[in-house]
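*Asks:* Residue-level listing of the chains:
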Amino acid sequence: SQTIHQWPATLVQPVGSPLSLECTVEGTSNPNLYWYRQAAGRGLQLLFYSVGIGQISSEVPQNLSASRPQDRQFILSSKKLLLSDSGFYLCAWSQGAYQPQHFGDGTRLSIL
Amino acid sequence: RKEVEQDPGPFNVPEGATVAFNCTYSNSASQSFFWYRQDCRKEPKLLMSVYSSGNEDGRFTAQLNRASQYISLLIRDSKLSDSATYLCVVNILDAGGGADGLTFGKGTHLIIQP
Numbered sequence: 001s002q003t004i005h006q007w008p009a010t011l012v013q014p015v016g017s018p019l020s021l022e023c024t025v026e027g028t029s030n031p032n033l034y035w036y037r038q039a040a041g042r043g044l045q046l047l048f049y050s051v052g053i054g055q056i057s058s059e060v061p062q063n064l065s066a067s068r069p070q071d072r073q074f075i076l077s078s079k080k081l082l083l084s085d086s087g088f089y090l091c092a093w094s095q096g097a098y099q100p101q102h103f104g105d106g107t108r109l110s111i112l
Numbered sequence: 001r002k003e004v005e006q007d008p009g010p011f012n013v014p015e016g017a018t019v020a021f022n023c024t025y026s027n028s029a030s031q032s033f034f035w036y037r038q039d040c041r042k043e044p045k046l047l048m049s050v051y052s053s054g055n056e057d058g059r060f061t062a063q064l065n066r067a068s069q070y071i072s073l074l075i076r077d078s079k080l081s082d083s084a085t086y087l088c089v090v091n092i093l094d095a096g097g098g099a100d101g102l103t104f105g106k107g108t109h110l111i112i113q114p
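Those protein sequence lines, which keep their order, are chains A and B. Per our numbering: the first sequence = residues 1 to 112. Per our numbering: the second sequence = residues 1 to 114.
If we strip away everything but chain B, and leave its shape as in the complex, we get (with noise of 0.2 Å):
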């Protein structure tokens, strides 16, 4: 089982409209939860953390549900500018003695179409 997964897309949607997407985990322990964007052939960015509680920022909403192991991020009134690749972050725990860090997903590509 891959150890944080999302939907590759493309995920085309009209500007205005509303669209969610989610990431699963593998390791019901994790803790830190992450959503990056990353524009064609820039490096990612940080776009927010995702709490426990779920937190909002602007048009943009992150939820965690840890009993299903996945989090969401909702876009609402989508901009043309919201047309990005959208990765997945989480801290996936090594017991074998691997890296102990951030494990990023292979991200979900969004259009918006004008």
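Next comes chain A alone, as it looks inside the complex (with noise of 0.2 Å):
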């Protein structure tokens, strides 16, 4: 079965400094993967998505960039985090465009 890994579950970190937050799937291959971000008591903002290697999608301007080195690896990164970067950090996979997404558990990420 196909399973979803996504880490740190928590993340503190201040002003300035940078991210990398990684998410793996496993059981699969050629997977749809995504990042969103969820503020507090909002829906979900799709960042990126990407339908294979090397290859990603951005939806809004923003100070993050996302990375797939590998089939079934998807990295999000920022240089400098700002204030406005906190928030709850999904990766999702899913089998193609309109398949439904599976969900990592997430990550708290809080600017200090």
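Please note that a few of the clues may not be correct.
As the list claims (entries may be wrong) - Derived lysine to aspartate or glutamate pairs resembling EDC-like cross-links, with alpha carbons at most 16 Å apart:
1. B:Lys45 with A:Asp105
2. B:Lys106 with B:Glu3
3. B:Lys106 with B:Glu5
4. B:Lys42 with A:Asp105
5. B:Lys106 with B:Glu43
Just so you know, these hints were derived from the structure itself, not from any lab.
Make the complex out of the two chains shown on their own, each in a separate frame, by following the hints.
*Replies:* Below, the structure is given as structure tokens:
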């Protein structure tokens, strides 16, 4: 069966520090991969999605970036975090664009 | 007009009651519909897909009304453990070159009271 791993679960970072969140999927090949952010009490905001290695589409302009160095690995990064980057970051995978998405446990990021 | 719209609630419902909520979507060409459940401070989890003919999974029934462009979720004999936020998810076709995939509603908050 397919599983998705996302880490760390919780992260506290100072403003201006770098960020790297990692997500890996097991049990499937060539999945679509997604990064979302959810602010407290708000809906899901799609940040990036990828349909293959090295293929990244960005949905919103921001100081975040994403990379997919391997088929089942998706990384969210930032060179300098802003206070507004605080939130709940979720990685998800799906078999295709219109197939249901399955989420990792999420990373709760607090910027101080 | 919002692409996927839900009543945010909260819906306060006594245990054992039946509750239903709808979700409207903007694109008449949408083909994929899902309901997700999200518990507080947790990730969303797929509850059920929504098929054209309607489908049932235990106490949960999902229906699609293409003419009026909405999907619904009905929960019978509600349990305390049903308390959660229910997210409506629809594929939105973006002719403008944006994301071609699923769009999540902001969710309906359900509270089952003892």
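*Asks:* So, for every hint listed, does it hold in this structure?
*Replies:* Against the structure, the hints:
no.	hint	verdict
1	B:Lys45 with A:Asp105	holds (10 Å)
2	B:Lys106 with B:Glu3	holds (11 Å)
3	B:Lys106 with B:Glu5	holds (7 Å)
4	B:Lys42 with A:Asp105	holds (7 Å)
5	B:Lys106 with B:Glu43	holds (14 Å)
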